[in-house]
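Asker: Using the sequences and the hints, build the whole thing.
Here the protein sequences line up with chains A and B, keeping their order.
So in this note's numbering, spot 85 of the first sequence is number 85, and the numbers just go up one at a time.
So in this note's numbering, spot 57 of the second sequence is number 57, and the numbers just go up one at a time.
No lab work stands behind these hints: they were computed from the structure.
This structure is a prediction, so every number in the text was calculated from the model and none was measured.
For glycine and all other residues, C-beta sits at the position ideal for the given N, C-alpha and C.
Be aware that one or more of the hints could be misleading.
[Stated by the list, open to error] To give a feel for the contact side, a few chain A residues facing chain B, derived at Cβ under 10 Å:
hint: 1; residue: Lys7
hint: 2; residue: Ile26
hint: 3; residue: Ile36
hint: 4; residue: Leu40
hint: 5; residue: Met44
hint: 6; residue: Asn45
hint: 7; residue: Thr48
hint: 8; residue: Val49
hint: 9; residue: Glu63
hint: 10; residue: Lys67
hint: 11; residue: Arg88
hint: 12; residue: Tyr90
[Said to hold, decoys possible] Which stretches of chain B does chain A cover? Using the computed rule of at least three CB atoms under 8 Å from a CB of chain A, they are:
hint: 13; stretch: 2 to 13
hint: 14; stretch: 32 to 39
hint: 15; stretch: 43 to 49
hint: 16; stretch: 62 to 71
hint: 17; stretch: 80 to 90
[Claimed, not checked] Cross-link-like lysine-lysine pairs, in silico, BS3-like; alpha carbons within 27 Å at most:
hint: 18; chain 1: A; residue 1: Lys85; chain 2: A; residue 2: Lys11
hint: 19; chain 1: B; residue 1: Lys85; chain 2: A; residue 2: Lys91
hint: 20; chain 1: A; residue 1: Lys92; chain 2: B; residue 2: Lys72
hint: 21; chain 1: B; residue 1: Lys19; chain 2: B; residue 2: Lys77
hint: 22; chain 1: B; residue 1: Lys77; chain 2: A; residue 2: Lys85
hint: 23; chain 1: A; residue 1: Lys30; chain 2: B; residue 2: Lys92
hint: 24; chain 1: B; residue 1: Lys77; chain 2: B; residue 2: Lys28
hint: 25; chain 1: B; residue 1: Lys91; chain 2: A; residue 2: Lys23
hint: 26; chain 1: A; residue 1: Lys30; chain 2: A; residue 2: Lys85
Protein chains: 2
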Amino acid sequence: MIHIVAKNSVKREQVETFKVLAKELILKSKEEEGCIAYDLYEDMNNPTVLNFIEIWSDEEAIERHNKSEHFKKIVPKLAKLVENKEVRLYKKVPVNLKTD
Amino acid sequence: MIHIVAKNSVKREQVETFKVLAKELILKSKEEEGCIAYDLYEDMNNPTVLNFIEIWSDEEAIERHNKSEHFKKIVPKLAKLVENKEVRLYKKVPVNLKTD
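Answerer: This is how it looks when you write it as structure tokens:
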């Protein structure tokens, strides 16, 4: 499983437009094979910071997602609404580490 | 529900120590009332970036967590191992927004 945290600092006057476009991206992405979770989260201390937190089964699913019609249509539109964005891929660190 | 993304840029030589301390924090936090998820994630492109991604039932649970013995014991130790950290609280944006 791979987690993606895609953090967007959205232009203040574009926040509602961003959310409407994000809705379409979320609903279509959740239908994709390998999509375990895909939701938008608002920073409780700054409503212009909006994160997608996504969970994917594997890298192949992410590659398919990045080539999907809805991704190619919506993500460039979202990009025009943000001041900056940061996308990071994470894998879970197992807690059964040796400690001694 | 509240999501916390706590992003740590860990000093390169302290990554393994950070993971061992994080393990104890994760195991004890997961036993807390109101803790829905609490795990550590490693940036797939930079193993010194380690995020806690947490899900809590409500703000009261987070307040209890911040006052817990394991939090007060371990978090200051983790803080000494990082170059910088950023903690943000998020709430999910509902997708049943009006679109017209």
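Asker: Below or equal to 27 Å on CA atoms is what counts here, so check lysine 30 of chain A against lysine 92 of chain B.
Answerer: Judged against 27 Å, a Cα distance of about 15 Å means the pair holds.
Asker: Does the closest beta carbon of chain B sit nearer than 10 Å to the beta carbon of threonine 48 of chain A?
Answerer: Nearest chain B Cβ about 12 Å off; hint violated.
Asker: Lysine 85 of chain A and lysine 11 of chain A: Cα distance at most 27 Å?
Answerer: 11 Å, holds
Asker: Test coverage of the stretch 2 to 13 of chain B by chain A using CB-CB distances below 8 Å; three residues minimum.
Answerer: holds (count 3)
Asker: Next pair to validate is lysine 92 of chain A with lysine 72 of chain B; report whether the Cα-Cα distance is within 27 Å.
Answerer: 24 Å, holds
Asker: Using 10 Å as the Cβ threshold, decide whether isoleucine 26 of chain A counts as touching chain B.
Answerer: With a minimum Cβ separation of about 5 Å from chain B (threshold 10 Å), the hint on isoleucine 26 of chain A holds.
Asker: Would the hint on asparagine 45 of chain A be counted as holding, given a Cβ-Cβ threshold of 10 Å to chain B?
Answerer: For asparagine 45 of chain A, the interface hint holds, since the closest Cβ of chain B sits about 7 Å away, which is under 10 Å.
Asker: Would you check the hint for lysine 30 of chain A and lysine 85 of chain A, treating anything up to 27 Å between C-alpha atoms as holding?
Answerer: 22 Å, holds
Asker: Report holds or violated for chain A covering the stretch 62 to 71 of chain B, Cβ cut-off 8 Å, minimum 3 residues.
Answerer: violated (count 0)
Asker: Hint validation: tyrosine 90 of chain A versus chain B, beta carbon distance must be below 10 Å. Holds or violated?
Answerer: Holds. Min distance 4 Å.
Asker: Could you grab the alpha-carbon distance between lysine 91 of chain B and lysine 23 of chain A and see if it respects the 27 Å cut-off?
Answerer: 15 Å, holds
Asker: How about isoleucine 36 of chain A: closest beta carbon in chain B under 10 Å, or not?
Answerer: Violated, because the Cβ-Cβ distance from isoleucine 36 of chain A to chain B comes to roughly 13 Å (cut-off 10 Å).
Figure legend: structure checked against the earlier numbered hints; hints not met, in rising order: 3, 7, 9, 10, 14, 16 and 22.
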